[in-house]
Amino acid sequence: MKTKKPKNIFKEGAISSEFIANSIAHHQVKTQIGAHNIFLGQVRADEIDGKKVASIEYTAHEEMANQKFHEIREAAFEKFDLSCMHIYHSLGKVKAGEICLFVFVSSPRRKEVFPAIKFIVEEIKENVPVFGKEIFEDKSHQWKVNT
Amino acid sequence: MKTKKPKNIFKEGAISSEFIANSIAHHQVKTQIGAHNIFLGQVRADEIDGKKVASIEYTAHEEMANQKFHEIREAAFEKFDLSCMHIYHSLGKVKAGEICLFVFVSSPRRKEVFPAIKFIVEEIKENVPVFGKEIFEDKSHQWKVNT
Amino acid sequence: MELSIKYFGLLAEITNCSEENLSFSGKTVSDLKEHLFQKHPTLKLNDFQIAQDNELVENETEIIGIEIALLPPFAGG
Amino acid sequence: MELSIKYFGLLAEITNCSEENLSFSGKTVSDLKEHLFQKHPTLKLNDFQIAQDNELVENETEIIGIEIALLPPFAGG
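Heads up: the protein sequence lines correspond to chains A, B, C and D, in order. Counting in the numbering used here, the first sequence runs from 1 upward without gaps. Counting in the numbering used here, the second sequence runs from 1 upward without gaps. Counting in the numbering used here, the third sequence runs from 1 upward without gaps. Counting in the numbering used here, the fourth sequence runs from 1 upward without gaps.
Note that these hints are calculated values from the structure, not bench results. Virtual Cβ for every residue (Gly too), placed ideally from N, Cα, C. It is possible that part of the hints are untrue.
As the list claims (entries may be wrong) - Heads up, simulated BS3-like pairs for lysine-lysine below, C-alpha to C-alpha not over 30 Å straight-line: (1) LYS30(A) / LYS79(B); (2) LYS44(D) / LYS133(A); (3) LYS93(B) / LYS44(C); (4) LYS30(A) / LYS11(A); (5) LYS52(A) / LYS111(A); (6) LYS52(B) / LYS11(B); (7) LYS27(D) / LYS44(D); (8) LYS93(B) / LYS79(A); (9) LYS7(A) / LYS44(D); (10) LYS39(C) / LYS133(B); (11) LYS52(B) / LYS125(B).
As the list claims (entries may be wrong) - Not close to chain C: a few residues of chain B, all C-beta gaps over 10 Å, as computed: (12) GLU18; (13) VAL29; (14) LYS30; (15) ALA54; (16) GLU78; (17) CYS84; (18) HIS86; (19) ASN127; (20) PHE136; (21) LYS144.
Sequences are here, hints too, so could you generate the full structure?
Structure, rendered in C-alpha cells:
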C-alpha cells in the first residue's frame, strides 16, 4: 500500500464530515481490515486575553510539507502493520468547530492502530511546516505555536 | 457530560458511515474541543480452514452490557479529561467489511484522546457480554472469541 | 427458590434453550453449576462465566438473585 | 550566488515579504542569517528554522541550494 511519490495531502478549507464518511465507506471492500482509528483536529475557540478565536488561517511550505508527510507515512508503514493510511490537512481558513486535520489508519488488528495514530499525529505536529494564524472575533490575530 | 443512567448503546445491524458523519458534525458546536479520536471495528472476512467469514451475527446480554458500557464510560471520564464520549455496538447481522463498533472520544487536547480510546476499546473487548456468531459463506458457523 | 436462567450465544445453541425457569435448593454458584451440568451435560465441555443480577459471580458466591445468566467468552467489537 | 528566499507565516508578516531573490556571497547558514538580519532587523526577535531545498539545516551547514525557506514555529493540526 506504499506510494513512492509524495501526494498532495492539503485541502482548501475545512474537512467536511461527508468527506470523512466517504473515506470510511471506501474501506468496506477491504475485508482484511478489522480496526480503523481516526484522529480529527478541530479548531478550538480559545479565549486569549478576553478575545475568542473565530478561525485559523493555515498556510504551509507545501512542497516540504508533502515531502514530510510522505516520510511520516513511510515510517508508519515500517513500524506498524497497517493496511492503509490517509492524511489530509486544511489550507486557508477553517472556522472554530471545523475540522483541519484528518488522519485515518487501518489494520487487520486493533493493537496496531493505537500506537500508529499517535505516532503519526505527533510527527505531524512536530515536523511538518504548517503555519496557523489565529483570527479573533475582532479581526485581530496571533500566530499559533504547537505545544 | 456524564449521564447517570445506562443508555442503550446497541444498534440493529451495521453502523453506517452516514451515522458516523452525523455524529462528527454534531460536535461542531462544541468549540472547546480540539481533538477527536474515533475507533471503528470492522468485520473481517477471515479465512478459517478454507472457509471465509461472510458475516457476524451479534447478540448480547443487553441489560448487563449497557450497565458495563456505563461503568466504562464513568471510568473513562474519571481517568481522562474528555469533553464527550459515544459508544455504539451492533446487534444482529453485520457483513464482512461493515462496521460493528463505533467509539468516539473528544477532548480539548490531543494527549487525552489517545490513551482514552485505547482504554475504552480494550475494556469493551474484555468486559462487555457481547457474543458473535461467525457465519461462513457456506452458511456453517463458529463462535467468535476475543483475543 | 425460583430462578430464571438465561443462556447466551454458543450456550443457547448447545442447550437448545435461551431461557428457562428452575427450582433451585442449593446455596452457591457451584451448587447451581452441578445442577445445570446434570440438566445440560454439554455445558461441562464449554467455558463460561455466570452473572447474577447483571454482576459476574465466583463459584463461592451465594445464590440470592432471581436472574442468572450463563455467558460464553465475549466477542464484542 | 543567487538565492530565492521564502518567508512563511509570521515571518512573511513582519518582513512584509513572502519571497525575494538575493545575491549572497557568504558560505554558511550563519552567514546568510547575518545577511538577512541586516536586511530585516525584526527577524532577530523571532524564532525560526531554515530549510534549504526542503531540508532543515543547522547554522554550520554550507549554503549550496537555491531555495531557502524561513520557517516560524509549526502549528499543523
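Status of the stated non-contact between GLU18(B) and chain C (beta carbon gap over 10 Å): Since the minimum Cβ distance to chain C is about 21 Å, GLU18(B) lies beyond 10 Å and the statement holds.
Minimum Cβ distance from LYS30(B) to chain C greater than 10 Å, as the annotation requires: Non-interface label stands for LYS30(B): nearest chain C Cβ at 26 Å, farther than 10 Å.
Within 30 Å, alpha carbon to alpha carbon, are LYS27(D) and LYS44(D)? holds (20 Å)
Tell me if the straight-line CA distance from LYS7(A) to LYS44(D) falls inside 30 Å. violated (35 Å)
Please verify whether LYS52(B) and LYS125(B) have alpha carbons no more than 30 Å apart. Measuring from Cα to Cα gives roughly 23 Å; hence the hint holds.
Given hint LYS44(C) paired with LYS93(B) - CA-CA distance at most 30 Å: Holds, at about 29 Å.
Classify the label on VAL29(B) as holds or violated, using whether its beta-carbon is more than 10 Å from each beta-carbon of chain C. Given that every Cβ of chain C is farther than 10 Å from that of VAL29(B), nearest at about 29 Å, it holds.
What's the verdict on LYS30(A) and LYS11(A), does the C-alpha distance respect the 30 Å limit or exceed it? Answer holds: LYS30(A) to LYS11(A) is near 25 Å, not above 30 Å.
Holds or violated: is the Cβ of ASN127(B) farther than 10 Å from all Cβ atoms of chain C? At roughly 7 Å from the nearest Cβ of chain C, ASN127(B) sits no farther out than 10 Å, so the non-interface label is violated.
Regarding the assertion that CYS84(B) does not contact chain C, is the least Cβ-Cβ distance greater than 10 Å? holds (20 Å)
Once the closest CB in chain C is found, is it more than 10 Å from GLU78(B)? Non-interface label on GLU78(B) holds, nearest chain C Cβ at 20 Å vs cutoff 10 Å.
Next pair to validate is LYS52(A) with LYS111(A); report whether the Cα-Cα distance is within 30 Å. Distance of about 39 Å is beyond 30 Å: violated.
The structure fails hints 1, 5, 8, 9, 19 and 21 (numbered hints given earlier, in ascending order).
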